Amino acid sequence: MATLHTRSAARLMIAPSVLLLLAWMIVPLAMTIYFSFLRYNLLMPGMEEFAGFSNYTYFLTDPAFFQALFNTLAIVLGVLFITVVGGIALALLLDQPMFGQGIVRILVIAPFLIMPTVAALVWKNMFMNPVNGLFAWLAKLFGLQPFDFLANAPLMSVILIVAWQWLPFATLILLTALQSLDEEQKEAAQMDGASAWSRFIYLVLPHLSRAITVVILIQTIFLLSVFAEILVTTNGGPGTQSTNLTFLVYAQALLQFDVGGASAGGIIAVILANIVAFFLMRMIGKTLEA
Amino acid sequence: MGNITLRNVSKVFGAHAVIPSIDLNINDGEFVVFVGPSGCGKSTLLRLIAGLEDVSDGEIVIDGKNATELPPAQRGLSMVFQSYALYPHMSVRSNIGFPLKMANEDKAVIDKKVADAARVLNLTDYLDRKPRQLSGGQRQRVAIGRAIVRQPKAFLFDEPLSNLDAALRVNMRLEISQLHQDLKTTMVYVTHDQVEAMTMADKIVVLNRGRIEQVGSPLDLYHKPDNLFVAGFIGSPRMNFVSGAPAAAYQAHTMGIRPEHLVLSKENGTWAGTVGVAEHLGSDTFLHVNVDNIGTMTARVGGDFPVTHGDRVFLTPDAHRVHRFDDKGLAVR
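Sequences listed follow chains E and B, in order. Under my numbering, the first residue of the first sequence is numbered 1, with each subsequent residue one higher. Under my numbering, the first residue of the second sequence is numbered 1, with each subsequent residue one higher.
Extracted from the complex, chain B is given alone in its bound form (with noise of 0.2 Å):
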């Protein structure tokens, strides 16, 4: 129904290669989240996905087809956008049935499909109202109420809880994972934030410099990752890296530690440093701690493990958590 294939695709902007060369698939049903700091090149490719942008080499094949050179309407797929993008002159009711208006539908088929997006996403109440009249989370289940109607074989996401606040951005991640278990159609996702990555996805892709630095799920890139780039990018607080000496006697170029696998005591271990800065989150406490001789470090305790500023730690990193990476960065395993 809805799998997606990039073979060779590449977007050139002037002399700037964005992506210079991405293969891809994208299976039926799936949830995959395109990942990586900004300026990866993660929304040209979704743009280039739903045929905002013009590819300029390599095919995207939809659903058997080729779909290159269709115009973004005739791809079958629908795309939330980071603003919303909501008409503003029209009432939630016609911004959910303009795709349908749009394709000719029969006014009743498109008041039955208006009602029934609007009911799975609790939108009944609010059909009548403008879109300045709702508020963020409501305009942006608008938004999905839009996508849905055209039962599409895949639906784009392009940053769509960026504009949330926190409590919301939680909420609203929950409400999308879902959506996505009721209809069972593959959602493509892009985002910055590696936690809404690794919450949603059942494939992450993780970019950066418009390469793919990895694919796998969630917690094959927490465990195995393929390079620094990615040990660095998955996981927060992000992971503790080190090179030289303390990295020699894992044979490695440069050995990297979560913080959550360093242990931690008050009377002896490998490393020794002095607390920087303490952030206590209740259950848990992050621990800046400058290392003698490495520099600073972050550790994850117990949110009771009696510490503050200036005391005198030891850190022991779990060796069998320790991950190795040869000079050009890349993952010895």
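If we strip away everything but chain E, and leave its shape as in the complex, we get (with noise of 0.2 Å):
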């Protein structure tokens, strides 16, 4: 980047990627709003007429898109604050030396490592199931009514099944940030008279802030898309009550053969990303400066 001429070169020499990158994005994107003005039902094919902005009216009024809208946050949400919270605790509990530490911690990790939809479908038959499930001999184990989780808490079920998947990547994450602290600065506070908790507060937490804050990003991108986890456990139901956004587009495009709803529902969801983006790296930005 020294000279002039270096520069222009280094510009010529990316901008076939940049090309390539950006028509890679431009095309499918551009595509999905001309589908969104259209109206384009699989079921009748060759009448795709110009509709104007009804297929978003259409997506915005079903009152099914802020069933899906709540649940994709409360997703988001509950999914970020049991990996934080437990990702944290699991971390301290894996930092302490044990007996057989290497090994607890590959255990640790092996539910990242299980794709989602096996994940989801172990959770569902052999935990979840109000017949044969795990918690279901528990519960009468205990004398008690067998709770048929996917029923009657479909949302939570899918809450807590993803959690169960990222919680390693989380205590991942915040395990290596917690051996990266200073043990000068434990033992100086042990010399100030912190207690341990003190020493949590004041030492531990503000110095995990960081990989906490990586953690959020990462995860609010790929858990504002879950998908196969509702596909395989509830379908989304019943009724709507385990619709995320994305699988309402799906089922606009694919059970309802709609794609110029589907189109608009996708574009709102980009829009709608876009603006968690902006705050989560307005909260990134502020972290990372200090």
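By construction, these hints were calculated from the structure, which means they are not laboratory data. Just so we're clear, the structure is a prediction, and the values are computed from it rather than from any experiment. Using N, Cα and C, we set each Cβ at its ideal position, and we do this for glycine too. Honestly, I wouldn't trust all of these hints.
With a Cα cut of at most 20 Å, we get these calculated EDC-like pairs of lysine to aspartate or glutamate [unchecked claim]:
#	chain 1	residue 1	chain 2	residue 2
1	B	K153	E	E187
2	E	K186	B	D54
3	E	K186	B	E53
4	B	K130	E	D182
5	B	K130	E	E184
Partial list, derived from the structure: chain E residues whose beta carbon lies under 8 Å from chain B [said to hold, decoys possible]:
#	residue
6	L181
7	E184
8	Q185
9	E187
10	A188
11	Q190
12	M191
13	D192
14	A194
15	A196
16	P206
Join these two chains into a complex; the hints should help.
In structure tokens:
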């Protein structure tokens, strides 16, 4: 980057990849926007016509939309809460010297490596099933009525499954951050008369703030588009109780064959994701500066 | 107020006895320096006193009270760490005030004490900065500030100057000595640098492999080292050791002579040799002389002694200043 010449040469060199990436992004986006303005139903091929904003009007006034919006937020916030709090707790535990530390740490990562559909099916059939599930067996052991998780608390069940999958990720990031905390700082705090709780509040938590931000950012990106877990467990139901935006768009496109409406939903989801991203980036900018 | 007594204190890590057994008495108001090569157990000893490590055996008495089982905070000691160990996300003000906040002091009291400490340490203008915005010397002062606000019975310093550059180190050395004069509080200071030990200490404790080799004032150790280790460790450049025939002439197994106690001449003397390297410091010149049949010896001469590489010179030890050691390395007096 030393001279004007090398700078323009560098621009020339990266131009092909930039153009390719741009096309990669622009073409699907442009097509989606185009479809969103058409009356385009797969059951009526050849009948496409310009529909103005009616697809958007239908999608936004659909009562399922607000339910889905709420569910999306509930999944993101619920999972974030469980994984951050649980992740800190697990990281603190795993940071303690103990027998078989290496194996335990590998075991902790395991859920992250299981595919979402598989994990969700395991939870659905082996844990939450009201007849054969482990939880049902436990309830019966204590003489209680088994609880049908997926029917009675579908959203909470989905949150639980997704949180179980993301907990290892949060734990891992927070554990590495925890291990980078200077030992002498902890000892200094000990000399200064700080109790274990004060050391956690005044020393460990501020030290972890950066790692927590990273966990929140990365998880939010993925949690906005949770899909497989819902598809294989509740199928968005009962009703729309566990439908999130991603699932709603899917239902619109592939269950009702309404490509136009689904495209409009997709564009709305993109806009909402960008609003979330805007606030996230501001939050991260603040933490990373400090 | 702040005397510390160690009785039979030992520390064992696994099968390895870092400190076999130590007895030591530190008087109130004394500036005691633990000095020794790396791995000699000096830092471990300090951490035992601080309570950051548990003693394996023996007892630590602080102010007449058995503190062996007390947690660090209740021993009434403050420690300054090698890395300063400042809390990076807190301002200088909060860093210094942290021990008081942990002791649930009143906010007004904390503010006053922090302001006092900042004034003593010239930190008043930096109170609202974060540690990373400070220079090494300023960080060091913040660490000291955090130690003094508690008004401890004794200060513990763990190689506090080793992260500073040479010029700053000399400055901070003076400042810490000055602080000791002002506060008159017991200070225990760990270093591997014998210059720091000599310049600051009231009492030096020379440690080697977890054992105390000698305890005494700086000049005691310089003039009357108990053994070869202390003789070699204290003094810079280090003492020359000669064994065999030349030592036998002084009825010793090994004789030691400090570079500054060798008289140099170009005409005649006891030992003849060739100058290897001459280090000119201006005020002094250190000569590394290859003495015939003995080996390399270091001699200290005036800065204007005219000599260069390859010159023939004669060295004569000052007979009154020769240190004699027996075959076990102990001093013969």
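So, going through the hints one by one against the coordinates:
no. : hint            : in the structure
1   : B:K153 - E:E187 : holds, 18 Å
2   : E:K186 - B:D54  : holds, 16 Å
3   : E:K186 - B:E53  : holds, 13 Å
4   : B:K130 - E:D182 : holds, 17 Å
5   : B:K130 - E:E184 : holds, 18 Å
6   : L181            : violated, 10 Å
7   : E184            : holds, 4 Å
8   : Q185            : holds, 5 Å
9   : E187            : holds, 5 Å
10  : A188            : holds, 4 Å
11  : Q190            : holds, 5 Å
12  : M191            : holds, 5 Å
13  : D192            : holds, 4 Å
14  : A194            : holds, 5 Å
15  : A196            : violated, 11 Å
16  : P206            : holds, 4 Å
This entry does not satisfy hints 6 and 15, going by the numbered hints stated previously.
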